[in-house]
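All chains should be modelled from the sequences, with the hints used to inform the complete structure.
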Amino acid sequence: MEFTNTTKVFTCIQCGKCTGGCPESGRTPLNVRLIVRKNQFGAQVKNSHLWYCTSCGTCTVRCPRDVKPSEVIFDMRSTLVESGDISTSIQKALENTFLQKNPWGRARSKRAEWAEKSGVAIKHISDTLEKRLLLSCCVHAYDPRCHVIPVNISKLLTYSGIEFGILGEEECCCGNEIRRIGEKGLFEELREENISNFNRYDVREILTLSPHCMNTLKKEYNLPKLKVYHYTQLLWDMIREGVVKIGKDYKKRVAYHDPCFLGKQNGIFEEPRYILKSIEGLELLEFSRSRENSLCCEGGGGRMFYEVEVQYERNAKIRVEEAYELGVQTIVVSCPFCLMTLEEQAVEKGIEVKDISEILVEVLE
Amino acid sequence: MKTGIFICHCGHNIKHTVDVKELSEYFKEIPNVYVATDYAFVCSEPGQEIIKESIEKFELDRVIIASCTPSLHGELFKDLLKKSGLNPFLLRRVSIREHCSWTGDDLKKNTEKAKKLILAGLFSVVHNLPFEEKVVEVDKSALVIGGGISGLSAACFLSKMGIRVYLIEKEKELGGHVKRLNNVWPYEKTGKEIVESLVSELVKADNVQIYTGARLELLEGYFGNYNVKITADGEREMNFKVGGVIVATGFEPFDPYLKPELGYGRDRRIVTTLEIEEKLNEVVLPEKPRVAILHCVGSRDETLGKSYCSRICCINALKVARMIKEGYENAYIECFYMDVRAHPKGGEEFYEETQVKGVFFTRGNVAEVVPLSRCVLIRGEDTLLGEVFEKEFDLVVLSIGMSSQSENKRLSQLLKVSLDKDGFFMEAHIKLRPFDTAVKGIFIAGCCSGPKDVEESINHGKASALKLFGMLNKGYAYVEPFVADVTEKRCSGCRMCESVCVANAIKYDARKRVVKVEEAQCMGCGLCNATCPSSAVTLLGYSDMILMDEISGLLARL
Chain A
0 MEFTNTTKVF TCIQCGKCTG GCPESGRTPL NVRLIVRKNQ FGAQVKNSHL
50 WYCTSCGTCT VRCPRDVKPS EVIFDMRSTL VESGDISTSI QKALENTFLQ
100 KNPWGRARSK RAEWAEKSGV AIKHISDTLE KRLLLSCCVH AYDPRCHVIP
150 VNISKLLTYS GIEFGILGEE ECCCGNEIRR IGEKGLFEEL REENISNFNR
200 YDVREILTLS PHCMNTLKKE YNLPKLKVYH YTQLLWDMIR EGVVKIGKDY
250 KKRVAYHDPC FLGKQNGIFE EPRYILKSIE GLELLEFSRS RENSLCCEGG
300 GGRMFYEVEV QYERNAKIRV EEAYELGVQT IVVSCPFCLM TLEEQAVEKG
350 IEVKDISEIL VEVLE
Chain B
0 MKTGIFICHC GHNIKHTVDV KELSEYFKEI PNVYVATDYA FVCSEPGQEI
50 IKESIEKFEL DRVIIASCTP SLHGELFKDL LKKSGLNPFL LRRVSIREHC
100 SWTGDDLKKN TEKAKKLILA GLFSVVHNLP FEEKVVEVDK SALVIGGGIS
150 GLSAACFLSK MGIRVYLIEK EKELGGHVKR LNNVWPYEKT GKEIVESLVS
200 ELVKADNVQI YTGARLELLE GYFGNYNVKI TADGEREMNF KVGGVIVATG
250 FEPFDPYLKP ELGYGRDRRI VTTLEIEEKL NEVVLPEKPR VAILHCVGSR
300 DETLGKSYCS RICCINALKV ARMIKEGYEN AYIECFYMDV RAHPKGGEEF
350 YEETQVKGVF FTRGNVAEVV PLSRCVLIRG EDTLLGEVFE KEFDLVVLSI
400 GMSSQSENKR LSQLLKVSLD KDGFFMEAHI KLRPFDTAVK GIFIAGCCSG
450 PKDVEESINH GKASALKLFG MLNKGYAYVE PFVADVTEKR CSGCRMCESV
500 CVANAIKYDA RKRVVKVEEA QCMGCGLCNA TCPSSAVTLL GYSDMILMDE
550 ISGLLARL
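Those sequence lines, one after another, are chains A and B. According to numbering that gives the first Met the number 0, the first sequence is numbered sequentially starting from 0. According to numbering that gives the first Met the number 0, the second sequence is numbered sequentially starting from 0.
Since the hints were made in silico from the structure, they are not lab data. It is possible that part of the hints are untrue.
As the list claims (entries may be wrong) - If you want a taste of the chain A side facing chain B, the calculated C-beta under 8 Å gives, among others:
#1 Gln13
#2 Lys16
#3 Thr18
#4 Gly19
#5 Gly25
#6 Asp65
Cβ atoms here follow ideal geometry from the backbone N, Cα and C, with glycine treated the same way.
This is how it looks when you write it as structure tokens:
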């Protein structure tokens, strides 16, 4: 496809930093540098190449000329979306999001189904005083495996006396993935709906459960007055200040997997590690590719809803294999996407994958 | 009052979009204008002659030159007036090029605008007074800030020329970064040797004072008479007077922790060029070591706000490659680069020789360095092949760039010299005055104004010293008469002006309860003038009346 660009593609010096660090380039037909190069001349790029990008942001974070290669890819995808030149599964996810405000098209009325499992009374945001909104991701809301995360967090908050509220069925997809698929118009609609909700209930801070939601709320929503943070940040504060007390040990070899949207893209590396280090008996190991060099789980950028053409060894598998070699018993994550992708591969190796909140709930007094 | 108006065509620059003939005809009709004429190049010798003749013929007492911006040819026209027997402060420059002819193509509109600009000059020039330029004595001494290679070079030069030198260095020893270098390309000399030859000269000289562990605390005054306060050895306070200053604060090596994906600090096999140069003997490598050298670490990188090229690191990387090759004949060395910029004299040849010696070059900015137990893994793209690679090495050398001194920020406030976006000191003009700063008598030398190699730093130091010497050696300097003036009757002694004065020139007289201005110290910035609530402070040469009349000129109906 041809493309007229709005990003800084003309200042690209073709250094290859993007491609060298890309979790897909080299193993799939995607070469980020070449896409930018072809853009400089308006040359043809094969449509299918664009869909390997997982939107992990490594290229954009590191680009020495601030070209934002991943944004170039999203821009190109949006031209494809506009012309309808996309796979049916992506199309379906977009339609579902338009209708039901979640990519799976599940009923909006069931958005807060997890709340019944929590066993604690969860208020609507309008009934709270502090106007602290707990915002779950569509994955938390509709995937039964991930229900446990909002459940755990609400338990922890309730027991510690920290007030919070939810939007219930008014909650709506944040649009982080939608924007990265290239459906900019739909992203704008979601953004507007969310912002009007925040304004209606006078929300003052947002506790996000997914790094993806946190990222877009922080960087793409333009909400300078709202405090947006990830739950690992709050949990670490609670532990540090003694609001929650760890009473039991956790005698396992554990490796923490940095989610791209939390680590690389938003610089939150320490809090999850601090939490794990404060648990007695827990042996924290590091993957060879950790922190800024963390290997993407390939769950983002629309890859949740789309099977790529070329078959190759999945990053999640590489990750699990390294964990196996290290003798890791539990891979800990703090992102629902990573939880889903890693767990799929880890089962056969006998390694468990847990959200950090799951471990915390186990070791509390 | 007899005024002469001289309108310049500036070749086609002004004439092209301003009707200069109409201008001269128009102003001829105005009373008190004794001569109004236009000429191709007023700044040329025949142009100057016209002005000189007119001044003598019509006994002019005010001159208006409508031409380029006043910052150009300022001294030239002042001298012309002096030569013609007229006080140079009776000249008024009007910019009809930068402010008029260059801004648009509409001849009619431009001509109207030029008329108003000249009219504004005409209305205000009547207030010009025949000031006298003051002459002050100049102290033949200099403060050199920084004892690195350029500071030392500057100090040596000044000392030889008979200027008294105060050299201050923040570290315990002189020599800066050059002292750490094992081999200074292309001299084949150690940095220590180069530094020591300069230091021994300075130590022998009887007109040089060296302070190490020193810090500049205060600098006030003006060219020829700066009062300096420093602390040396941590606490000892010293005060002295100097005529001029050379800033040679150098650079800081880039902090590789700022590029976390390159793994610096996580493994001892990942080092910087500076470290490997100092400690190659201490590094334990296998017989056939595999060494990767990564170019552009901390240079050409907008994610760090360092978009500039550090200029020295390509040659430095090549030099390190050669050093390792000399120590380990069988070493496999691969340099990863974006562009090899071997720009100094002999640099390209050095690059070629390095290739001949068996060092490999791969075009690709390395994405990640991952230390494993068996090796250090490098991940990147060979951009010429379009292939992603993972390669194993025993040693990874980061060719780090230059960052500005963090101390520059504090110094820039003390010296009142601005910094550029990267924190380096700013030249008065990058091409025409690369050693000067915007402050008279303060010069910059070496890497404090941007990355330079050793050779350039030495030359830069000497050149700044030469320029300063030229000014000091005259023994006197002119001081502009445009200083603040206090009307004591109006002053209420509120001291607001004192608090805003950047030159520390306003002193409070507690007995009279008024302020007064130290004329020699005043920089004529006008802050006090604007701050005074009772209009007691005026800036000579820039009274309210002048501004009001100038505005009337601009608003005049033609």
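Hint by hint, here is what the structure shows:
1. Gln13: 6 Å, holds
2. Lys16: 4 Å, holds
3. Thr18: 4 Å, holds
4. Gly19: 3 Å, holds
5. Gly25: 3 Å, holds
6. Asp65: 4 Å, holds
The structure agrees with every numbered hint stated previously.
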